Amino acid sequence: MSGKIKNAFTEGGTLTGAVSGLADSLLNSAIGGLSPLNNFGRYMTGSRAIVKVNDKIFGFAFGVTYNISTEYEENRTIDNPVAYELMPTRLTVSGTLSMFHVPGRGPTKELVQANVLSYLMHKYITIEISDQTTGQTIFKTNKAVVTNKSQTLQSGEISTIQLTWKALGWADEMIPFEPQKANGEKDALGIPDSGLPF
Amino acid sequence: MAGRTPFFLTGGNARILLNNKTVAYATNVTYKVSVKHATPRVLGRFEVEVIQPLTYDVTGTLSVIRYGRGLQSYFSSHAPDSVDNAGNSVGSYGLSSFGGAIGSALGLPTTDGQFDGKPDDSFNPSRFFQSKMFNIEIRQKVPSAGELGKSGWSPQNLNQVAQGVGQAFLDTVNDVLIKDKTSPDKNETSVVLLRDCRFEDMSFKLDKRGVAMIDLTFRARYADGDDVLARKSGVGQELS
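Taken in sequence, the protein lines are chains S and A. So the first sequence is numbered by this note's numbering: it starts at 1 and just counts up by one. So the second sequence is numbered by this note's numbering: it starts at 1001 and just counts up by one.
Hints in this document: simulated from the structure, not taken from any laboratory. Here the structure is a predicted model, which means the values were calculated and not measured. We treat Cβ as the ideally placed atom computed from N, Cα and C, and that holds for glycine. There's no promise every hint is true.
Said to hold, decoys possible - Covered stretches of chain A (in silico footprint by chain S; criterion: 3 or more residues with CB under 8 angstroms from a CB of chain S, positions within the stretch not fixed):
(1) 1052-1065
(2) 1188-1200
(3) 1220-1230
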């Protein structure tokens, strides 16, 4: 390498170049992220997402969806056009995971989905979606099961697998907590307090 | 200006390498780096909130004057030295040595450190499973390092011998560290390295007034330049 023209190809691969690049990256992530003057892209995108299942990066995933349903039933009473109360009835969490298939490394092999013999005693899996730019957790559940797997194999197209899952509970940017004033106190509108300021 | 050596990269002083071998009679190479962006807009404001990168793609074209296979025996000493008897179409871009072919099959780097691809399999359906991504490099011929005043090392005394041994050690370490290193000679420098390419299209063109041409389009995963290396963007979902 000596005697040749120095450029990014040679300097980028050298020890000093690697150390310099590492120091630059560390400085940017440690200080750059804190500075309010920096106008980074703040919106979440698919290319920033990291999906982990059972605390391991879920191989070859290209899409993830989830749906959190907090259902309430209206308590309707006679002589009142407005429902008396909205009664919490059911909380469901479900979603899908889409991935490319590398033969030999499918979801069953990774013990993500139950097989015919483990079905009755298969352990829950964990699913976590995070932002690799900020490190923020977008979604996490520690008790999920895969309820369906569908795979497409079509001529002229890359094969994809879609897993459908259900979960018990979830966390995201906010860690779940008990309401602060869940003792029947009512707010100024006479509505039982939800635990957070209106 | 008198005494000035021209230093711009031109078609005349460029060399295009594919799979670390010179592409004979290449006439044209282009590449384009595209970064798709999202422009999120929010209520109550005319301009976009931010311009957010979404994807990174590299595409390009390569054109070559096509000549036939096995011409040397017909033209013997009249053929230019660079006329390869195997021709110069895509199918001739493979390795010539048996050892190199074994190394490539095993995914091993070649003796000059290049991880060899299989561009010669690009348009052979029976070989698609074995075809591998390859690199395309654009180099500029320059006056040799000696002419630029950066003469190579030559041992003159013990101190220089020690420096030479140290430099040789550093060079070896550095060479090992670079996976996709470029290895230009002293009379040329690497300007662009398109890594992990695959040919997508090939079109053949011959008309009465011109020479036969093949136009190739390709995709690459990264476009390195002598100014910046396109590094991996982070941990992706390819690992499990």
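Evaluation of the provided hints:
no. : hint      : verdict
1   : 1052-1065 : holds (count 4)
2   : 1188-1200 : holds (count 3)
3   : 1220-1230 : holds (count 6)
Figure legend: structure checked against the earlier numbered hints; every hint is met.
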